[in-house]
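Participant: Chain by chain, the residues:
There are 2 protein chains.
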Amino acid sequence: MTTITALDDLVTALPVGVVITDPDIIASYRQDRAFDPDAGTAMAVVRATSTADVQAAVRWCAANNVPIIPRGAGTGLSGGATAVDGGIVLTTEKMRDITVDPITRSAICQPGLLNAEVKAAVKEHGLWYPPDPSSFEICSIGGNAATNAGGLCCVKYGVTSDYVLGMEVVLADGRAVRLGGARLKDTAGLSLTKLFVGSEGTLGIITEVTLRLLPPQAAASTVVGSFASVHAASKAVLEITSTIRPAMLEFMDKVAINAVEDQLKMGLDRTAGALLVAQSDAPGAAAAAEVEIIEAAFTRCGATEVFATDDPDEGEAFTAARRYAIPAIEKIGPLLLEDVGVPLHKLPDLIDGIEAIAANRDVLISVIAHAGDGNTHPLIVHDPNDADETARANLAFGEVMDLAIALGGTITGEHGVGRLKKGWLPDQLGADVIELTQRIKDTLDPQGILNPGTML
Amino acid sequence: MTTITALDDLVTALPVGVVITDPDIIASYRQDRAFDPDAGTAMAVVRATSTADVQAAVRWCAANNVPIIPRGAGTGLSGGATAVDGGIVLTTEKMRDITVDPITRSAICQPGLLNAEVKAAVKEHGLWYPPDPSSFEICSIGGNAATNAGGLCCVKYGVTSDYVLGMEVVLADGRAVRLGGARLKDTAGLSLTKLFVGSEGTLGIITEVTLRLLPPQAAASTVVGSFASVHAASKAVLEITSTIRPAMLEFMDKVAINAVEDQLKMGLDRTAGALLVAQSDAPGAAAAAEVEIIEAAFTRCGATEVFATDDPDEGEAFTAARRYAIPAIEKIGPLLLEDVGVPLHKLPDLIDGIEAIAANRDVLISVIAHAGDGNTHPLIVHDPNDADETARANLAFGEVMDLAIALGGTITGEHGVGRLKKGWLPDQLGADVIELTQRIKDTLDPQGILNPGTML
Numbered sequence: 001m002t003t004i005t006a007l008d009d010l011v012t013a014l015p016v017g018v019v020i021t022d023p024d025i026i027a028s029y030r031q032d033r034a035f036d037p038d039a040g041t042a043m044a045v046v047r048a049t050s051t052a053d054v055q056a057a058v059r060w061c062a063a064n065n066v067p068i069i070p071r072g073a074g075t076g077l078s079g080g081a082t083a084v085d086g087g088i089v090l091t092t093e094k095m096r097d098i099t100v101d102p103i104t105r106s107a108i109c110q111p112g113l114l115n116a117e118v119k120a121a122v123k124e125h126g127l128w129y130p131p132d133p134s135s136f137e138i139c140s141i142g143g144n145a146a147t148n149a150g151g152l153c154c155v156k157y158g159v160t161s162d163y164v165l166g167m168e169v170v171l172a173d174g175r176a177v178r179l180g181g182a183r184l185k186d187t188a189g190l191s192l193t194k195l196f197v198g199s200e201g202t203l204g205i206i207t208e209v210t211l212r213l214l215p216p217q218a219a220a221s222t223v224v225g226s227f228a229s230v231h232a233a234s235k236a237v238l239e240i241t242s243t244i245r246p247a248m249l250e251f252m253d254k255v256a257i258n259a260v261e262d263q264l265k266m267g268l269d270r271t272a273g274a275l276l277v278a279q280s281d282a283p284g285a286a287a288a289a290e291v292e293i294i295e296a297a298f299t300r301c302g303a304t305e306v307f308a309t310d311d312p313d314e315g316e317a318f319t320a321a322r323r324y325a326i327p328a329i330e331k332i333g334p335l336l337l338e339d340v341g342v343p344l345h346k347l348p349d350l351i352d353g354i355e356a357i358a359a360n361r362d363v364l365i366s367v368i369a370h371a372g373d374g375n376t377h378p379l380i381v382h383d384p385n386d387a388d389e390t391a392r393a394n395l396a397f398g399e400v401m402d403l404a405i406a407l408g409g410t411i412t413g414e415h416g417v418g419r420l421k422k423g424w425l426p427d428q429l430g431a432d433v434i435e436l437t438q439r440i441k442d443t444l445d446p447q448g449i450l451n452p453g454t455m456l
Numbered sequence: 001m002t003t004i005t006a007l008d009d010l011v012t013a014l015p016v017g018v019v020i021t022d023p024d025i026i027a028s029y030r031q032d033r034a035f036d037p038d039a040g041t042a043m044a045v046v047r048a049t050s051t052a053d054v055q056a057a058v059r060w061c062a063a064n065n066v067p068i069i070p071r072g073a074g075t076g077l078s079g080g081a082t083a084v085d086g087g088i089v090l091t092t093e094k095m096r097d098i099t100v101d102p103i104t105r106s107a108i109c110q111p112g113l114l115n116a117e118v119k120a121a122v123k124e125h126g127l128w129y130p131p132d133p134s135s136f137e138i139c140s141i142g143g144n145a146a147t148n149a150g151g152l153c154c155v156k157y158g159v160t161s162d163y164v165l166g167m168e169v170v171l172a173d174g175r176a177v178r179l180g181g182a183r184l185k186d187t188a189g190l191s192l193t194k195l196f197v198g199s200e201g202t203l204g205i206i207t208e209v210t211l212r213l214l215p216p217q218a219a220a221s222t223v224v225g226s227f228a229s230v231h232a233a234s235k236a237v238l239e240i241t242s243t244i245r246p247a248m249l250e251f252m253d254k255v256a257i258n259a260v261e262d263q264l265k266m267g268l269d270r271t272a273g274a275l276l277v278a279q280s281d282a283p284g285a286a287a288a289a290e291v292e293i294i295e296a297a298f299t300r301c302g303a304t305e306v307f308a309t310d311d312p313d314e315g316e317a318f319t320a321a322r323r324y325a326i327p328a329i330e331k332i333g334p335l336l337l338e339d340v341g342v343p344l345h346k347l348p349d350l351i352d353g354i355e356a357i358a359a360n361r362d363v364l365i366s367v368i369a370h371a372g373d374g375n376t377h378p379l380i381v382h383d384p385n386d387a388d389e390t391a392r393a394n395l396a397f398g399e400v401m402d403l404a405i406a407l408g409g410t411i412t413g414e415h416g417v418g419r420l421k422k423g424w425l426p427d428q429l430g431a432d433v434i435e436l437t438q439r440i441k442d443t444l445d446p447q448g449i450l451n452p453g454t455m456l
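Protein sequence lines, in the order shown, are assigned to chains A and B.
The UniProt record's numbering puts the first residue of the first sequence at 1, with every later residue one more than the last.
The UniProt record's numbering puts the first residue of the second sequence at 1, with every later residue one more than the last.
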């Protein structure tokens, strides 16, 4: 077979051990955390150690018309790193260098470094990299950039795109180009850096990012509120965000509260209909003022219990509880994980609508949310061995996205479109914007070898 | 002539008064504030009143292969709104609606509204739109988006791109598309919104922007420092930005200080080599702490005079003085206005190098800067009636950009490339990125009718 012979060329072109053909290892790179059942099997995995390795792999794929699937830590939830039959999976997990420049408050990172490792490395210089996906301990900075990942502090500090000042990216023809750089202001030419952030590996492979850093975050004060109903909690969210910018404003529904409490036994109110966890990181006395505003909003909106603390460890326990919601609900059963967002005032409509979808399809849907920016994660629990329930869960999965679109929202706030949501992208963007997107894709990747089947 | 006949079709297609053929009015739309001497003369000016007007004009231009030059308030400093012979100038100055949504903290604006008017409209709802070009009282929000405009508070709050959540844009074929929306987090599809911000009218014409707003800024405290030398001031800039995030950190050299003092007579130290104006808007007691840090840095770096005030009006007087530097220096003579930026630690090298260029070319160059993010405005004074001096000024203009590029910087931090700097763009970006840029331009504007001659 020509491809097998050709693969020898790739093995020869790259350092020893970079091209992996062991079937067991190849199998372990078939799926990301979306566990796409339609995942294929790659002909090889390339564990790139340098930009030159990535270039060689892309050039070989271009010459042989072989699809190449870029992959960071494989923690994606939309199937953006799903292997295709006969393709190459290129993982950047071995590219892990970082250089921090405290004067320009920037860091140059290779893509394989984990988000938590970036945070730790810049902290040594007294600096802070804000974006904090719940998976920050296991997700890579390259994947964060490729999906424009979000997190809990985005409500105040913005998303990954707001922190990527520049990058090196390998194009579909194997050229490596540098975009932007450690300059806070730079409007020379088109904003290509921003275009590549969130492009999910469909336009190029990010081999380095230059990140903007901030001075350290002040210690946060935390306010937790239990509410009898989702509506009461939503009302409190609107009250707070129209007054101040909390550093965090997270939501869990009853199912999530109970699932977390089952695991962590931290004394959450199991009877509550909804829980909000808010934080203020305003400096000094300003934090106390913000905490008061949050407490007052909680109380005014009918909170059944309000607890405030300025002890960072105590606050972190509640944040950790919220972050733990997905694994906790996974104990009930495998999940279809949504990432829909709506303009903030539509949050109650979205949550009501999801409840109706769950009832109609007879499936369990738990909603957790980065409530402060309207970004929710409805979690659809289903038993994959129950074909009927799985079918109903899949219908509900689509209906939740339909609902978000109808409410003027988005099918994905921070996870990316990947393979799982691409069927809904045209409904959100419209035919004209899809055509615009396709034109840009076609001009940057005319052979269509970069992550085919993702996004478009 | 076919074009004259065809122009009748355009007049007919648009509301009465929208298409202007009066030669005097056409002449007044030849140049923006870059006063490009090579400006052409349009065949007509379209004063669009709606997106439909813009679409009709673009469709007519596409059908007749006529260049269309989009224009906001005409305050651009790079010649991005320079008329071309036989083209159409499309001005959005009559499109001035704004709707503020306090709950989602966003505003939907038409492009013709001035930046100051946007600020005022959202202030009525207790909100704040941060980007503040020095020209904020006369520049339009559409132009701000098209150039990715900056300003004085960017050092802490970022640039226009950080505040544009969505837009409506008319494409080269006359279709109007909506990109993004009032969603703080949305990673569905490519980041086209960010691509169009800063594209200087070369990819489409922005007919509406959705802006992210912040709660009001706390009252700022101001610290002003006089320094014997530019080096001492640069050192203070580095000390401050490696410790805190000032809300403003502006720089004026001796020429600028004296030019401003000539006009405003506010008692600035005329003997000083450099002046820094810093602000802290940290809430409550935190401001006092930041002011102390700034004062200490000024003193440690050898400031000859340090003045601090928490009186907002007094502080605003110094900010206004800094903003007034360009008009004040213009009294000495017409300016070639640079907008070069460098990574922060290269600021002293840049300023030294500019001094050497000025001496070598025997021209007066005054430097003012948004020092906190390394974005400088060297102002090259020249007498346009002195051909030799003008030639030397033009050589210096290019050499300053060459220097910025050599120092790892940018030819434009916030004004855009326009026509005046496009010759240097390839030197900054490199041939590969220019080719990438050209491919995107060609695929979105295959006829090349959108602002030809700008950027590329």
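Please keep in mind that the hints were generated in silico from the structure rather than gathered at the bench.
One or more of the hints may lead you astray.
[What the hints assert, rightly or not] Here are some chain A residues pointing at chain B (derived, C-beta under 10 Å):
| hint | residue |
| --- | --- |
| 1 | T51 |
| 2 | A52 |
| 3 | Q55 |
| 4 | C154 |
| 5 | L190 |
| 6 | L203 |
| 7 | T304 |
| 8 | V306 |
| 9 | I332 |
| 10 | G333 |
| 11 | P334 |
| 12 | L337 |
| 13 | I449 |
| 14 | P452 |
| 15 | G453 |
[As the list claims (entries may be wrong)] Straight line, CA to CA, 27 Å or less: simulated DSSO-like cross-link-like pairs of lysine-lysine:
| hint | chain 1 | residue 1 | chain 2 | residue 2 |
| --- | --- | --- | --- | --- |
| 16 | A | K123 | B | K331 |
| 17 | B | K265 | B | K254 |
| 18 | B | K123 | A | K235 |
[To be verified] Here are a few chain A residues that sit away from chain B, every Cβ distance over 12 Å (derived from the structure):
| hint | residue |
| --- | --- |
| 19 | T5 |
| 20 | T202 |
| 21 | H345 |
| 22 | V433 |
Ideal placement from N, C-alpha and C gives every residue a C-beta, glycine not left out.
Participant: Taking the hints in turn, state whether each one holds.
Facilitator: Against the structure, the hints:
Hint status for A:T51 relative to chain B: violated, with the closest Cβ pair at about 14 Å, above 10 Å. Interface restraint check for A:A52: the shortest CB-CB distance to chain B comes to about 16 Å, outside 10 Å, so the restraint is violated. A least Cβ separation of about 12 Å between A:Q55 and chain B goes past the 10 Å threshold, and the interface hint is therefore violated. Taken as an interface hint, A:C154 checks out: its beta carbon lies about 6 Å from the nearest beta carbon of chain B, inside 10 Å.
At a threshold of 10 Å, the smallest CB-CB gap from A:L190 to chain B is about 5 Å, leaving the interface hint in force. Interface restraint check: A:L203 against chain B, minimum CB-CB distance 8 Å, threshold 10 Å, status holds. Nearest Cβ of chain B to the Cβ of A:T304: about 25 Å, over the 10 Å cut. The hint is violated. A hinted interface residue such as A:V306 counts as satisfied when its beta carbon comes closer than 10 Å to some beta carbon of chain B; here the least separation is about 22 Å, so the hint is violated.
At about 27 Å, the closest approach between the beta carbon of A:I332 and any beta carbon in chain B exceeds 10 Å, and the interface hint on this residue is violated. The beta carbon of A:G333 is not positioned within 10 Å of any beta carbon in chain B (closest approach about 27 Å), and the interface hint is therefore violated. Checking A:P334 against chain B by beta carbon gives a least distance of about 24 Å; that is not within 10 Å, so the hint is violated. Annotation: A:L337 was flagged as interfacial toward chain B, and the flag is violated, the nearest CB pair being 15 Å apart, outside 10 Å.
Because the closest C-beta pair between A:I449 and chain B is about 17 Å apart, greater than 10 Å, the hint is violated. For the restraint placing A:P452 at the interface with chain B, the shortest Cβ-Cβ distance is roughly 15 Å, beyond the 10 Å limit, so the hint is violated. For A:G453, the shortest C-beta to C-beta distance to chain B is roughly 15 Å, which exceeds 10 Å, and the interface hint is violated. With a C-alpha separation of about 48 Å, the suggested pairing of A:K123 with B:K331 is violated against the 27 Å cut-off.
Simply put, B:K265 and B:K254 have alpha-carbon atoms about 15 Å apart, close enough for the 27 Å limit, and the pair holds. Restraint check: the Cα-Cα separation between B:K123 and A:K235 comes to about 24 Å, which is no more than 27 Å; the hinted pair holds. Distance to chain B confirms A:T5 as a non-interface residue, since its nearest Cβ pair spans about 31 Å, more than 12 Å. Separation of A:T202 from chain B is inadequate, the least Cβ-Cβ distance of about 8 Å not exceeding the 12 Å criterion.
For A:H345, the condition that its CB be more than 12 Å from all CB atoms of chain B is violated, with the nearest at approximately 5 Å. Not every beta carbon of chain B lies more than 12 Å from that of A:V433, the smallest distance being close to 5 Å; the non-interface claim is violated.
Going through the hint list in order, the structure does not satisfy hints 1, 2, 3, 7, 8, 9, 10, 11, 12, 13, 14, 15, 16, 20, 21, 22.
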